[in-house]
Amino acid sequence: MRKVHFKGVALPYLLLLPQLIITGLFFFWPAGMAIYQSFLREDAFGLSSQFVAFENYADVLSDPTWLESAARTGLFSVSVALLALGVALFLAVQADKHIRGADTYKTLLVWPYAVAPALAAVLWLFMFHPNIGLFGRLLNGLGIPWDYRLNGGQALTLVILASAWKQVSYNFIFFLAGLQSIPRSVLEAAAIDGASPMRRFWTVVFPLLSPTAFFLLVVNLVYAFFDTFGVIHSLTQGGPGKSTETLIYRVYTDGVMNLNLGSSAAQSVILMILVIVLTAVQFRYVERKVHY
Amino acid sequence: MATLHLQDIRKSFGPTQVLHGVTLDVADGEMIVIVGASGCGKSTLLRIVAGLETQTSGQVVIGGQDVSGLEPADRDVAMVFQNYALYPHMSVFGNMAYGLKIRGVPKAEIERRVKEAAELLGIGALLERRPRQLSGGQRQRVAMGRAIVREPKLFLFDEPLSNLDAKLRVQMRAEIRRLQRRLGVTSLFVTHDQVEAMTLGDRLVVMHGGHAAQIATPMEIWARPADTYVAGFIGSPAMNFLPATLSHGGAVATLAGGLAVPLPGRAGADGAGVLIGIRPEHLRPGAGGLSPTIELVEPLGSESVLHGRLPDGSPLTARLPGAVHAEGALALTLPPESLHVFDAGSGKRIEAGA
Ligand SMILES: Nc1ncnc2c1ncn2[C@@H]1O[C@H](COP(=O)(O)OP(=O)(O)O)[C@@H](O)[C@H]1O
Ligand SMILES: [Mg+2]
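Line by line, the protein sequences are chains V and F. Residue numbering for the first sequence follows the numbering used here, starting at 1 and increasing by one per position. Residue numbering for the second sequence follows the numbering used here, starting at 1 and increasing by one per position.
No wet-lab data here; the hints were simulated from the structure. Keep in mind that a hint or two might mislead.
Computed list of lysine to any residue pairs in SDA-like fashion (alpha-carbon distance at most 20 Å, straight line) [said to hold, decoys possible]: (1) V:K97 with F:R181; (2) F:K348 with F:G286; (3) V:K97 with V:P197; (4) F:K101 with V:S196; (5) V:K97 with F:F13; (6) F:K153 with F:R181.
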């Protein structure tokens, strides 16, 4: 990379300004507001507010329905991550057998990732709606009572499927790149050493992919925690009951629907800390663990 | 330890045929070097023996058993790759033990064999290291060790020395030869380097465009190359070729420059075109032969390589003893016993008395 030297400091700062403004406006300002709000409690009419220190946090963390949401979010996120990783790895291994080195395919395969959450939700809705969905009608036709609008378990399954589906293509690209960076001769050496294809996968391919897999696991968990709002909102709005209400969705219902700003702010700060921790773990682990 | 028999191996990748029928018999414990220019199909042949490629037709027989349809794992061969192909996430010990573990060899036995091979190769102190912590030469030894501990029927080497620097290459070459003799394992060694081929092989297979141009001992190939390709490929500097026309029933060849060269004991149709081959080191100073103009002298100490041109413009190389040679006119004779005669059309060798 060629270094460019500016005369003076005005131009470099000017060039940085748009990025700084955007980051400030859409990240630091709302984040700061959330932290500020989380220490306040408004009266029922929103006319006045008073400083309550950590009371909002204490309330949130001792609220059994929040803890339920947290447990549900854990189940949801782990399911989404494992499903998305598993399917992507399987597909990448199949693809790797056929398109060694073909870069154009890789670029095409990432396109599903660009589908907007709401569109992804509509797609799954058209497939699994009990009345108009292809598979929804099929299931009911086969005598399996299927209606995710009434059955909480089915609703959760559907949002997990839809959320995982959206993430598969992203994982796929990383896994495929990881697979293709494993020298062919290393796998051939293992074959000559007598390893069956299954054994080659688990003793050579998978260990060499593990840094990629770990990186993706964190990315997928973060995605499931924070980026699935759109899918849930379009498919189930957190229902039926609270059966698909994840923590991020709850921030929305408590803050925007129920106008409980203090509690909602405290919840979002808790989530913010969580994502910071996850990211820190990832940086530490990935830096130390790449072993070749 | 085993014999190897290749029967008419052919291989096509799509429409391009890469191997045009290679037949080869390797005795137990023999070291065969497959040598040829890049792209002539050496690696493909080796990979077919290993089972990494499937031949289009032909048979691979190892130790009397037809293994043509078997997976690499079931052929009991070991291979050393050009880029070593070590498992990056395993220690040196792990790399060497991998094949044994898969075959269910008891732990103590694995330990013993790996230690033994590591001592033999001088890498006993490196067993805990990862491949990335090793130098090129050490990686090479680990790759060798991984092959040795398996005690396979066949060693396959695909240009294992070409990633090493010149000095290490010479050292490893001698080491591989010693090791192969000591273990007595039948081996195929692929290289594009003719010096490596000459020094390593009990016999050489000179490959040319997917054919085995000649299969013989190094000295036999050097002394009686089967065609102009082999003659030009083996030996350095390369053999000189002089176009000529036969007369007197094949007993005399007349060079393009007008010189008549007697070819005692040979027969051929008058007017037939031949190529007279002479190695640079066989040309001797003296009148009554060729009279090239020398354009460049390369002194090598005890001898000199002279590059020049004949009056008709064709190049000529000579290697003469001594260091005092000047550029300019020179007279060289062609000792009749050192001449090789090839058919100008097919390039095949024409033997005396044939
Ligand atoms: N998998 C393959 N697909 C298509 N062509 C190949 C393949 N492997 C080798 N070839 C071609 O076969 C020829 C011989 O290759 P190779 O055996 O690797 O040559 P060498 O080892 O003698 O340099 C080359 O022209 C190469 O391009
Ligand atoms: Mg090759």
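Right, here's what the structure says about each hint:
1. V:K97 with F:R181: violated (39 Å)
2. F:K348 with F:G286: Roughly 30 Å between the alpha carbons, so the hint for K348 of chain F and G286 of chain F is violated.
3. V:K97 with V:P197: Given pair K97 of chain V, P197 of chain V holds - Cα atoms ~12 Å apart, limit 20 Å.
4. F:K101 with V:S196: holds (13 Å)
5. V:K97 with F:F13: Since the Cα atoms of K97 of chain V and F13 of chain F sit roughly 17 Å apart, the hinted pair holds (cutoff 20 Å).
6. F:K153 with F:R181: holds (14 Å)
Going through the hint list in order, the structure does not satisfy hints 1, 2.
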